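6 protein chains.
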Amino acid sequence: MAKKLFDYQLDEAVDGFFLLKDSEVRIAKNGKKFLAINFQDTSGEISGKFWDASDQDVEHFQPGKVVHLKGKRENYQGNPQIKIQQMRLTQPGEPQDVQQFVEHAPMNTAAMEEELNQFVFEITEPNWNRIVRHLLAHFHDAFFSYPAAKKNHHAFAGGLAFHTLSILRLAKSVADEYPHVNRPLLYAGAILHDMGKTIEMSGPVSTTYTLAGNLVGHIVLIDEQIVKACQQLKIDDQAESVLILRHMILAHHGLMEYGSPVRPHVMEAEILHELDELDASIQMMQTSINHAEPGSFTERIFAMDGRNFYRPTHDDTKGELPSE
Amino acid sequence: MAKKLFDYQLDEAVDGFFLLKDSEVRIAKNGKKFLAINFQDTSGEISGKFWDASDQDVEHFQPGKVVHLKGKRENYQGNPQIKIQQMRLTQPGEPQDVQQFVEHAPMNTAAMEEELNQFVFEITEPNWNRIVRHLLAHFHDAFFSYPAAKKNHHAFAGGLAFHTLSILRLAKSVADEYPHVNRPLLYAGAILHDMGKTIEMSGPVSTTYTLAGNLVGHIVLIDEQIVKACQQLKIDDQAESVLILRHMILAHHGLMEYGSPVRPHVMEAEILHELDELDASIQMMQTSINHAEPGSFTERIFAMDGRNFYRPTHDDTKGELPSE
Amino acid sequence: MAKKLFDYQLDEAVDGFFLLKDSEVRIAKNGKKFLAINFQDTSGEISGKFWDASDQDVEHFQPGKVVHLKGKRENYQGNPQIKIQQMRLTQPGEPQDVQQFVEHAPMNTAAMEEELNQFVFEITEPNWNRIVRHLLAHFHDAFFSYPAAKKNHHAFAGGLAFHTLSILRLAKSVADEYPHVNRPLLYAGAILHDMGKTIEMSGPVSTTYTLAGNLVGHIVLIDEQIVKACQQLKIDDQAESVLILRHMILAHHGLMEYGSPVRPHVMEAEILHELDELDASIQMMQTSINHAEPGSFTERIFAMDGRNFYRPTHDDTKGELPSE
Amino acid sequence: MAKKLFDYQLDEAVDGFFLLKDSEVRIAKNGKKFLAINFQDTSGEISGKFWDASDQDVEHFQPGKVVHLKGKRENYQGNPQIKIQQMRLTQPGEPQDVQQFVEHAPMNTAAMEEELNQFVFEITEPNWNRIVRHLLAHFHDAFFSYPAAKKNHHAFAGGLAFHTLSILRLAKSVADEYPHVNRPLLYAGAILHDMGKTIEMSGPVSTTYTLAGNLVGHIVLIDEQIVKACQQLKIDDQAESVLILRHMILAHHGLMEYGSPVRPHVMEAEILHELDELDASIQMMQTSINHAEPGSFTERIFAMDGRNFYRPTHDDTKGELPSE
Amino acid sequence: MAKKLFDYQLDEAVDGFFLLKDSEVRIAKNGKKFLAINFQDTSGEISGKFWDASDQDVEHFQPGKVVHLKGKRENYQGNPQIKIQQMRLTQPGEPQDVQQFVEHAPMNTAAMEEELNQFVFEITEPNWNRIVRHLLAHFHDAFFSYPAAKKNHHAFAGGLAFHTLSILRLAKSVADEYPHVNRPLLYAGAILHDMGKTIEMSGPVSTTYTLAGNLVGHIVLIDEQIVKACQQLKIDDQAESVLILRHMILAHHGLMEYGSPVRPHVMEAEILHELDELDASIQMMQTSINHAEPGSFTERIFAMDGRNFYRPTHDDTKGELPSE
Amino acid sequence: MAKKLFDYQLDEAVDGFFLLKDSEVRIAKNGKKFLAINFQDTSGEISGKFWDASDQDVEHFQPGKVVHLKGKRENYQGNPQIKIQQMRLTQPGEPQDVQQFVEHAPMNTAAMEEELNQFVFEITEPNWNRIVRHLLAHFHDAFFSYPAAKKNHHAFAGGLAFHTLSILRLAKSVADEYPHVNRPLLYAGAILHDMGKTIEMSGPVSTTYTLAGNLVGHIVLIDEQIVKACQQLKIDDQAESVLILRHMILAHHGLMEYGSPVRPHVMEAEILHELDELDASIQMMQTSINHAEPGSFTERIFAMDGRNFYRPTHDDTKGELPSE
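Protein chains in written order, with full-length UniProt numbering: chain L, 1 to 324; chain F, 1 to 324; chain R, 1 to 324; chain V, 1 to 324; chain Z, 1 to 324; chain G, 1 to 324.
Calculated from the structure, these hints are not laboratory results.
The model shown is predicted, which means the values in this text are computed figures rather than measured ones.
Heads up, a few of these hints could be off.
Copies of one chain are not kept apart here, so a pair can be met inside one copy or by any two copies together.
Stated by the list, open to error - In the DSSO-like style, the derived pairs of lysine-lysine whose C-alpha atoms are separated by at most 27 Å in a straight line are:
no.	residue 1	residue 2
1	Lys150	Lys234
2	Lys150	Lys21
3	Lys72	Lys3
4	Lys151	Lys21
5	Lys49	Lys4
6	Lys32	Lys172
7	Lys70	Lys228
8	Lys83	Lys172
9	Lys65	Lys3
10	Lys3	Lys234
11	Lys4	Lys150
12	Lys65	Lys49
13	Lys33	Lys83
14	Lys151	Lys32
15	Lys228	Lys65
16	Lys49	Lys234
17	Lys49	Lys151
18	Lys21	Lys234
19	Lys33	Lys49
20	Lys228	Lys21
The following block holds chain L by itself, in its conformation from the complex (with noise of 0.2 Å):
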């Protein structure tokens, strides 16, 4: 089977299919065009250059092209990238499907829409089942296929999904332990906090920020989509139950200097915010951690205040237990 990118060792000739994930024409100190390339497979990504780029060169590599690249792994200031030798487009018989080079949720959409279900049955508050459902059929394509961010945390294909399944068992664990708090407010909360991030992003593969993203926000976007779902289900938007959903969403940034027009004032939102913040910043912990080696640190996490994180040398701590 063939070898992926993060399996080729330090000084390892490279030899294989991968997809351009960025081809962006620069302009070398010699003034001749060379290509700054990201090769992707489901691995990861390693970035590259392509000196003394054709026009046509720059022609053919374009991004989201799958190449036959020949090469070397090397090391570039501590991050490794790749030397290329020799490149070329995929002819005929060979792999050309982008699909087999971006990395994807660990569930297929099948799976997890079915999970995702047993979640909204439990949704018993009937205006919040008729709004969950309706929104879920509404944006069902995206919200299957769209990653959860452009990068940082679950920014692959299928993420949003998996990002708001992960919460979700969480929440079933808090609701499990503290009978107290409202399952039904706490599931579609859940389902809904994200959603409109299938309208700030552009889609699933080369992500942008639509104009609506940037002038409104995903936040101020779903809460929208509330209000008109109300009216077309003939729901009274100034219900109680209906500002408190709302307000799941609205508050769900925790603080309003990330982005909520108001902090959490319902004791459901406060534990959405928290579980939202737990399950980004284990994925993009355990992200960075898969790349580092045992007995190192990883690199800084932009996100979580540029923090890096210590692999300790035996990940598997199961020893056996002292007879003390």
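Following the hints, complete the assembly by docking chains F, R, V, Z and G onto the known chain L.
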């Protein structure tokens, strides 16, 4: 003509009709009930204590009642207060109209409406013009009667419309001076920016915050009204012009920690934010300075970082020009 | 069965036995002494004032005494208080056991200990297991009887162990959901993270801070106990496993400005910090909501940035599912 | 007529005369010298690199020289740049006047001075009038030729006087709208507020900070000039009117962390501060928007918290009014 | 010898002569006037209330009067207070000199002046020497009699000069230890740094802030005096030595948010700032510790971020050296 | 005598022996390897690039090697650098002792130890004296050879002990001037405050942080050593004197956000913190000023909030005294 509350000097005998703005039952150190009262007329508010209140007194002297008061103007820890000697409800033939005792905007509704319409006329972009007219009609009565805030600036009947007009006049000056400014956008944003306060607050008198106000907030509340208006007027709510108009309202608090889910990223949104602050701060400073003696400092203004302001000895400094 | 403090309605006559939690001598405006008292039973605390206290009264009504009280449930500036009509010490045959009047964790010590031991059993790394068992044995009595904090969250007898258990249950859910998490490390850290409070605080009742608590603080106090334990157990205190365990405790406040000398740089340390916050905030919100009426806001919670929380009109929202 | 720098499209051949604003000798990776140049004309600045510079080239191509340039307009990491093909100094008969290549205020000095004098005429308080006229005379030439800042806003010749005039016009609108505002004070403060920049900065071109600018700063530098002016004009520098005028200047940065030794405690000082910000921010936004394409965002503006601004697709939105 | 205020124990009868530092008329709950008094002698201040004050009492017991007092030393909410039993103005033959009742610097003026002159002698740079001597002469009386602050540190007669001397002694130690430090500059800056307080404050007793203090502040007030001094002494006020000296004063608060218009950018300015903080904080801590019992914490010190300080059980820890 | 690195002027030919402090392999734009080098001798460090490095070059020119270098002193973007013309390892008979090329404290170990012992002698409290002597003996070699920090202040061999001595000298001045200061406590705290750096850092050269340093930090690391010392010396580690000594160390960073788990709550702890800052800042400023030309500003010092400092034209300002 009858003396106003702030016309009485220290130690002067007070005799007149006043509104009970607040009247709260408390228990004195000797175990008896007393009423902590705020008397109000159009000159402002002064507190007083009604000792040894009987159950009948408590029942009679409710907030919103007009009373005849005899007492003395005293000072308590630097603040004016009334020592109550005699107090009774007004009788037939005496002043009873609450409206005569509360502060109003310095223009009447008709005049404000007429001036506002001149600005609406200059909103030449069709979507903006239709949305503004639709919402002005929808919230007409509240818009022209509500205060602009529960306390702080423009906290008087009609204050919301008057604050809006003041900003529009400043906006006109700015648009006249800086020709690249989009005048229709600035006017449309100015008219709508605080209209959500008609949903956020309970009414023009004894104002409290509604549940929607507490859980959603006036910025998002009016944003949703724009979206609803688009649906009724068959305007595409994803049109660039609509997104920009919504951005004007969403961003007008300037900083996210002040409740704007996005910071201003359109020139006119930044200008609207700065003019909003300018008008609010002038109104707050002027109100405080009116209650200070020449040559002294005002009380500290909470909403201006607790600063106090010096009232110069000579307000009007129009001396003779030197013939240097 | 006897009524609890919070069972009495406004203006209802109070007649029962209560604990004097605090009782402070002060001087009234008339120059006489009075006692500022906090009455306590398992439903909470309410204040009251005992006027014209004689020297004998001062001597009798000490904190920690149980009294028979007759009076009236009143309101003072929005807070409940008791108007004292008659008060005397209890007599033989009447309730005198202080333990009946203080709040306890909702589980008894034996049950908590048993559940905790299940978690200890899963700490399969030998160093961690031995250190945890050693310190649990050493601080056994205090650990199961102290509150988790002087005020704020879990401020009741047994609160420290109960808070620890709640975090362990959340930790189990997280370890079940995220397989890369080092379960033994997370459990060991959770059990030890607040154990230093048994040194920081004076005891389970009338809790104050010790000099060691004020000058060193509970985070460093338990860290030093780990080092001492290593010496007694002949464990190398520079071993990676020990450094990581100590880091779990040192970093658990998350931010240095909250007293952690280092921020979390190990994944499980970050998770422990977030779970600690989650459990503490749920407990604080739940306690406040219990004292608020449905459809109203709680008092502001100091330790949650002064936020208040809305208690919805219907806590239990288990309506019928719509058959859409 | 000759094309300006910003008239050239991407990949278009460049051929014209430009000013060398900056020209810095550096060493390339191949060990040879090159010049890092900023070309300037009245449309703005664009960078370029002159490779393999001989010692003679270094000597010739000094900042402040006008050159004839042949090259190509390219893009480097999102920013425009010039690929230099041929470059030589101008010869007799070709453009050599530096003034033709630098940006100027949109009004000439005479017009600015005349308009300013109208405002001075309305400063009816004698002390303020005399101080303002004295300092205007003293700093006349620098005041009308300096920029308002080294970079950021109004960074062009005459920018200081033009910025002052813009604020005066806004001040007039405010004084017209709010009758309690002390117009002479606001005008006097506006005229003097940034005059210290004539001491803080080295001159109108190739501007650097003087030692006095670095160690004392323009706010205190002009304050001391007011004190000196008082001595020469025999005005008591402890008179209330003088203290208030000095306060206007000292407080005009609004916040102490921005360099004001006192925050505004006089109403007109607060207004001056807000108008100063308003004019500066409009000028910065307008400059950036001029360089952005319709339908795109500007570059981030450092002095506005790094925000970028959206230039709408249609700047001029003067459609037909709907006949609703 | 007469007992001092702080010599009396709790519940001890008080009988002696004291200064009325403050005496404010207030209205009691029963409607009668009372005086809220601060008694002062050289041991400190204690408050007391004079009930049922007649108009004559109000007239007699003015701040600044010396009285004969009989009463009792009590405690009110943790703070000492005097229960007044009898109070009258002093009669001929009894103590009446206010100076005997206020705290003074621990050195007399002559001694301070002599020591200061030694430091002036070492200011060998001619400009600095002449400016310092000129201003010392100009502000001589105020400089040696004013406090260093209205409250907080060195708030006693002569405190300004004494604080200056303490810094000079520290400065000498630093200059002795770090030979590169410019000793004359450090001494000149230390002597002038707070001299503006003689203009900022109203006088040595019953100190208030002047209008110049409020609107300009002591940092800029002394800066202008240096400029004026230069004019009188025919020193070029743009000379580097003068700019650096002015920078010493302008920057001595260290941070702009504490009122320095520039931060320290000269080594000696940074040192002066740190020594100023060091002396002020030691004086504040020492004053608080003097009023605390051994083995307890002081009251919280507002100007030190509200921290309290522990007074160890044994202040003097000069035990025997162990013969290990 | 041989020229030092900083003795060479711009464009002067360099010829001498230097230490390779850092030597990092990188890949040039042309795909070939080069070495990014920092040359060091006792005058400081200067960078240079060794182009077209062969595999043998990479192997030879390791950090820690002494080389003979021929090249030229150039400038790159304002910083000095060496253009390498010829470079080879030293041969027998040429300088090879690394110690001759690294900076040292300006005193030798013996002199520092002797002076330190004088201070230890004055620690008259027995517990403190024994703990200090015990730990000084335990960490003797590292304490006298380590730097005080990896970079920033006192980053040279012996810097830790020298920084400690400088603080002790300042502490002596303070204790002499303020008689209430507890001298033995201040000395004991000063000696121990940074001793944990011997565990936090890897060694005196090529210093990195240890795992204990990263996960625990030097403040807690030395605190634990005090506890261990108590066990060995049979001192009660809960004695007040021990708690206070530990507090001195724990609090010495002053603010919790700088890594102190508690802020100073003992007077001597606050003083130690301020003296630590004072010595560190003087050392950093002095080092930077030594590399700046008279009449210019230093580079920005990261650890002093990025400030730069002005080096006056005349450092030594010992002019003639004016005979005024």
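Verification of the hints:
Taking the closest pair of Cα atoms, Lys150 and Lys234 never come within 27 Å of each other, the shortest separation being 35 Å inside a single copy and 33 Å across copies. Proximity of Lys150 and Lys21 under a CA criterion of 27 Å is satisfied intra-copy only: 13 Å inside one chain copy versus 39 Å between copies. In this assembly of identical chains, Lys72 and Lys3 lie within 27 Å of each other by CA distance solely inside one copy; the values are 13 Å within and 44 Å between copies. Proximity of Lys151 to Lys21 under the C-alpha cut-off of 27 Å is restricted to the intra-copy arrangement: shortest distance 13 Å within a copy versus 38 Å between copies.
Taking identical chains as interchangeable, the C-alpha atoms of Lys49 and Lys4 lie at most 27 Å apart only when both belong to the same chain, with a minimum of 19 Å there against 35 Å between chains. Taking the shortest Cα distances, Lys32 and Lys172 never come within 27 Å of each other, neither inside one copy (58 Å) nor across copies (53 Å). Neither within a single protomer nor between protomers do Lys70 and Lys228 lie at most 27 Å apart by alpha-carbon distance, with minima of 53 Å and 57 Å respectively. Neither within a single protomer nor between protomers do Lys83 and Lys172 lie at most 27 Å apart by alpha-carbon distance, with minima of 48 Å and 45 Å respectively.
Taking the shortest Cα distances, Lys65 and Lys3 sit within 27 Å of each other inside one copy (19 Å), while across copies they are farther apart (40 Å). With identical chains, the CA atoms of Lys3 and Lys234 are never at most 27 Å apart, being 56 Å at best within one copy and 46 Å at best between copies. Taking the shortest alpha-carbon separations for Lys4 and Lys150, only the intra-copy value of 23 Å comes in at or below 27 Å, while the best inter-copy value is 39 Å. Only within a single protomer do Lys65 and Lys49 lie at most 27 Å apart by alpha-carbon distance; the minimum there is 16 Å, versus 33 Å between protomers.
Proximity of Lys33 and Lys83 under a CA criterion of 27 Å is satisfied in both settings, with 17 Å inside one chain copy and 12 Å between copies. Proximity of Lys151 and Lys32 under a CA criterion of 27 Å is satisfied in neither setting, with 31 Å inside one chain copy and 33 Å between copies. In this homomeric assembly, Lys228 and Lys65 never come within 27 Å of each other (Cα to Cα): the closest approach is 40 Å inside a single copy and 43 Å across copies. Taking the shortest alpha-carbon separations for Lys49 and Lys234, neither the intra-copy value of 58 Å nor the inter-copy value of 51 Å comes in at or below 27 Å.
With identical chains, the CA atoms of Lys49 and Lys151 are at most 27 Å apart within one copy only, with a shortest distance of 22 Å there and 34 Å across copies. Taking CA atoms no more than 27 Å apart as the test, Lys21 paired with Lys234 passes in neither setting, with 45 Å inside one copy and 40 Å between copies. Taking the shortest alpha-carbon separations for Lys33 and Lys49, both the intra-copy value of 11 Å and the inter-copy value of 15 Å come in at or below 27 Å. For the homomeric pair Lys228 and Lys21, neither the shortest alpha-carbon distance inside one copy (37 Å) nor that between copies (40 Å) is at most 27 Å.
Hint check: violations occur at hints 1, 6, 7, 8, 10, 14, 15, 16, 18 and 20; the rest are consistent with the structure.
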